[in-house]
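J.: First to last, the protein sequences are chains A and B. For the first sequence, our numbering begins at 2 and goes up steadily by one. For the second sequence, our numbering begins at 2 and goes up steadily by one.
Don't take each hint at face value.
[Unchecked claim] Simulated restraints, written as ranges between beta carbons of each label pair:
no., chain 1, residue 1, chain 2, residue 2, range
1, A, Val-22, B, Gln-15, 21 to 29 angstroms
2, B, Gly-68, A, Gly-59, 37 to 45 angstroms
3, B, Gly-127, A, Ser-54, 30 to 38 angstroms
4, A, Arg-263, B, Glu-114, 56 to 64 angstroms
5, B, Asp-112, A, Gly-59, 24 to 32 angstroms
6, B, Leu-110, A, Leu-43, 16 to 24 angstroms
7, A, Tyr-255, B, Ser-58, 45 to 53 angstroms
8, B, Glu-114, A, Pro-41, 20 to 28 angstroms
Hints were generated in silico from the structure; no laboratory data involved. Every residue gets a Cβ at the ideal spot worked out from N, C-alpha and C, and that includes glycine.
In case you want the letters, here they are:
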Amino acid sequence: MEDFLPVRGVRYVRARALDWVAEVGRVTLLLRDVARFLTPGLRSFDRVVQQMSAIGVGSLWLVLVVSLFTGAVAAVQAAYQFTSVVPMRYLGSVILRSVIIELGPVLTALVIGGRVGASIAAELGTMKVTEQIDALRAMAIHPVRYLVVPRVVAAVVMLPIITIFADAIAIFGGYVVAITSIGVTPHTYTQSLKDFFLLKDLWSGLIKAFFFGGIIGTMGCYYGFATEGGAEGVGIATTRAVVASCVLVLISDYVLAHVLFRFVFAE
Amino acid sequence: MIRIRGLKKRLGTQQVLDGVDLDIAAGETVVVMGRSGTGKSVLLKHIIGLMTPDAGSIEVEGQEIVGMPERELDAVRRRFGMLFQGAALFDSLTVGENVGVGLREHQRLDDAEVRLRVAQRLEWVGLAGVEAMKPASLSGGMRKRVGLARAIAMDPQYILYDEPTTGLDPIMADAIDQLIRSLQERLGVTSVVVTHDMTSAYKVADRMAMLHDGKVVFTGTPDETRTTTNPMVRQFVAGSSTGPIRPL
Numbered sequence: 002m003e004d005f006l007p008v009r010g011v012r013y014v015r016a017r018a019l020d021w022v023a024e025v026g027r028v029t030l031l032l033r034d035v036a037r038f039l040t041p042g043l044r045s046f047d048r049v050v051q052q053m054s055a056i057g058v059g060s061l062w063l064v065l066v067v068s069l070f071t072g073a074v075a076a077v078q079a080a081y082q083f084t085s086v087v088p089m090r091y092l093g094s095v096i097l098r099s100v101i102i103e104l105g106p107v108l109t110a111l112v113i114g115g116r117v118g119a120s121i122a123a124e125l126g127t128m129k130v131t132e133q134i135d136a137l138r139a140m141a142i143h144p145v146r147y148l149v150v151p152r153v154v155a156a157v158v159m160l161p162i163i164t165i166f167a168d169a170i171a172i173f174g175g176y177v178v179a180i181t182s183i184g185v186t187p188h189t190y191t192q193s194l195k196d197f198f199l200l201k202d203l204w205s206g207l208i209k210a211f212f213f214g215g216i217i218g219t220m221g222c223y224y225g226f227a228t229e230g231g232a233e234g235v236g237i238a239t240t241r242a243v244v245a246s247c248v249l250v251l252i253s254d255y256v257l258a259h260v261l262f263r264f265v266f267a268e
Numbered sequence: 002m003i004r005i006r007g008l009k010k011r012l013g014t015q016q017v018l019d020g021v022d023l024d025i026a027a028g029e030t031v032v033v034m035g036r037s038g039t040g041k042s043v044l045l046k047h048i049i050g051l052m053t054p055d056a057g058s059i060e061v062e063g064q065e066i067v068g069m070p071e072r073e074l075d076a077v078r079r080r081f082g083m084l085f086q087g088a089a090l091f092d093s094l095t096v097g098e099n100v101g102v103g104l105r106e107h108q109r110l111d112d113a114e115v116r117l118r119v120a121q122r123l124e125w126v127g128l129a130g131v132e133a134m135k136p137a138s139l140s141g142g143m144r145k146r147v148g149l150a151r152a153i154a155m156d157p158q159y160i161l162y163d164e165p166t167t168g169l170d171p172i173m174a175d176a177i178d179q180l181i182r183s184l185q186e187r188l189g190v191t192s193v194v195v196t197h198d199m200t201s202a203y204k205v206a207d208r209m210a211m212l213h214d215g216k217v218v219f220t221g222t223p224d225e226t227r228t229t230t231n232p233m234v235r236q237f238v239a240g241s242s243t244g245p246i247r248p249l
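Please put together the full structure from these sequences, using the hints given.
T.: Here it is, written out as structure tokens:
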């Protein structure tokens, strides 16, 4: 009976499912602690600013390059699909809306999830395996207050800000391509941007970015704290943090799109 | 006064602590010796509430800390200083910030007072003027001494030392032993020193306890340790691979 394959399969699935539920539970407890230590954690504002700089300012070049090319590709692709179907004067509006609703926040979150999620997990993971987290607790300093709150808050604040930057760069990237290789005039492009801009589109993108920031910060900290066993453990924690950030960003993107456009911003 | 009774802790499949009984009187230095992996560090982490036992009791000045809520535990922890095995310095902070972190977090001192206190503690451990250095650029012995300066920054009543001399050259090890003794004399602290370095153990101990197979199998003064007939202690002190303790 022991080696009967389906039994082993069921047992494996059940064990993994339980692990997963336990993981969700632990993340929830971490979030509860973040809420509990939010005010005392914010009191040392220096640490929050330091993290904002690491997460936000440190990611600008990466986001700049990614956004520029995202906008450029969006222009090329849209122009290709428009050919003899849709007039090119709508090009600007399509780039605008796809960027501010979807591409800007999601690609920014994926890039920052990789960069920042990994660095948070690696830093906290190293602190865990070298007993620095224990040292904090031994000094009656709660690690969530000292380490997690500044990182999560910084991520939540910075993601929308970087997303605005990314949106602008991507629209500019589209503009450059539209004018230089598709033959749209600058006036047509900007007019199209103005005609189709909706504030709620921008809001929806920024609300998403806010949640994505929370996911990235929380996953980095959670997997960092969960690190066990030396350099290998730090590597595993880093990978997990990035994978979890990216997967959750995409899943929550769907959920948020649903909520925002079917309910919150529904006509 | 720390009173430990029937402390049990299982980690994975191994029963690391299996009913530890130990008393640590106020003002004394107790050395807990034992082989690597016998749960000496685990015992220390229980005393400061970093680990929760499966069973047993730990009283600090009559206050039971097992099962105590985190907030109250933090009040107990502020009376403790701990020197970790690898020093556990925060490597994102400078030496000065490391030593001052507790002061900045817990006490309403202005910047100048913190600086003064940090400088004084670093001087006590023989490292005056290294405030601006980063932990990564320090040698092993310096790291331990900075860790010690951090542990004593808040004027603790209790200091826990996890392998304070492991990995140090004999001269540096002796310097650390001298520091442990002088801190006890200067601050009147109660100390628990976990080590398997017998030279160091004899230098700092008022009393010695031997941990083996998850239990305290012997306690006595250094003189009693030298003259005991307990075969396990004799084997350990002599550093012999033959005797009741199997080497592998």
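J.: If a hint holds in the structure, say so; if it doesn't, say that too.
T.: Hints and how they fare:
1. Distance hint check for A/Val-22 and B/Gln-15: the Cβ-Cβ separation is about 27 angstroms, which falls inside the suggested range of 21 to 29 angstroms.
2. Look at B/Gly-68 against A/Gly-59: about 43 angstroms separates their beta carbons, and that is inside 37 to 45 angstroms.
3. Checking the proposed 30 to 38 angstroms range against B/Gly-127 and A/Ser-54 shows it holds: the Cβ atoms sit about 36 angstroms from each other.
4. For the pair A/Arg-263 and B/Glu-114, the supplied restraint of 56 to 64 angstroms holds, since their beta-carbon distance comes to about 58 angstroms.
5. For the pair B/Asp-112 and A/Gly-59, the beta carbons lie near 28 angstroms from each other, so the given range of 24 to 32 angstroms is met.
6. For B/Leu-110 paired with A/Leu-43, a C-beta distance near 21 angstroms keeps the hint of 16 to 24 angstroms intact.
7. One distance hint, 45 to 53 angstroms for the beta-carbon pair A/Tyr-255 and B/Ser-58, holds here, with the actual separation near 52 angstroms.
8. Range check, B/Glu-114 to A/Pro-41: Cβ separation about 22 angstroms, and the 20 to 28 angstroms hint holds.
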